[in-house]
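A.B. asks: Listed here are the chains, written in short residue letters.
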Amino acid sequence: METTARKKRKAFVEEHTCVACGCCVKVCPMKAIQIWKGTVAKVDQTTCVGCGKCARECPASVIEIREVTV
Amino acid sequence: MKKHWHDYLWILSLTYLLLGFFNILFAWLGLLCFFIPLLFAGIGGNKGYCNRYCGRGQLFGLLGGRFGLSRKKDVPGWMKSKGFRYGFLIFFFIMFFQMLWNTYLVFAGAKSLGQAVTLLWTFKLPWHWAYHGTLFHAGVAQFAFGFYSVMLTSTVLGFFTMLLFKPRSWCVYCPMGTMTQLICKLKNKEVQ
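Chain order of the listed sequences is A and B.
My numbering applies: residue 1076 is where the first sequence begins, and numbers increase by one.
My numbering applies: residue 181 is where the second sequence begins, and numbers increase by one.
Source of the hints: derived by calculation from the structure; they are not laboratory data.
Here the structure is a predicted model, which is why all the values come from computation and not from measurement.
Hints should not be assumed to be uniformly reliable.
Derived Cβ-Cβ restraints for the label pairs, each shown as a range [claimed, not checked]:
#	chain 1	residue 1	chain 2	residue 2	range
1	B	246	A	1117	24 to 32 angstroms
2	B	314	A	1090	44 to 52 angstroms
3	B	202	A	1124	44 to 52 angstroms
We treat Cβ as the ideally placed atom computed from N, Cα and C, and that holds for glycine.
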């Protein structure tokens, strides 16, 4: 059986410049983002739907929405 | 999204600024914004204060977001660089210790009480109406004037970057945010 690759949008955090303020956590409708030990925002890629709310909210603009093949 | 009690802490931040306009001694309450984040970071190893309870961040978010005062543009690259963030933290520390030194001089009787608020570390604003004498030493009031200066200066800076860039741009270079993130990083290195 042939499987077809699909493209989905996901949020990616530029970890070395993230200030861990948590603004993204507040706006995520899927609760897919967490601040990991006060250091960096981490996105749960399985829950993220790539809506882009976090990217718009991020004051440091370090979140990017990319298309990934799943 | 469901609102929690801590989503309204911006009211406290605004009240704090207003109270300092009427009685400078209320400025002492601002120490909570220093110690609570440090406790979160030092004991809990997290940035719970920034993430949930920072009223100032909420205030900027409200003014820039709901009230539409922000241009919502990206902050320039240098502003989120480690060099600027840590440099600003060091600068803030130096100015903070200078304020503590001033307070010490008043306590020691080497200097008289300056009833002024220093904005952006430069501009002395008359603020005598907020001082009504006190049962305590004049040094207590000197610290209040100094601390209120720190709080007002950071609010003004945050307000301007809120207008120019994204609503919560202050969070990018907030010295408390930088310091607590640094503590968390060091703490997590310890754990690993």
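A.B. asks: Indicate, hint by hint, whether the structure satisfies it.
C.D. replies: Evaluation of the provided hints:
The supplied range of 24 to 32 angstroms is met by residue 246 of chain B and residue 1117 of chain A, whose beta-carbon atoms lie about 28 angstroms from each other. One distance hint, 44 to 52 angstroms for the beta-carbon pair residue 314 of chain B and residue 1090 of chain A, holds here, with the actual separation near 49 angstroms. Residue 202 of chain B and residue 1124 of chain A have their C-beta atoms about 48 angstroms apart, which keeps the hinted 44 to 52 angstroms range intact.
The structure fails none of the hints (numbered hints given earlier).
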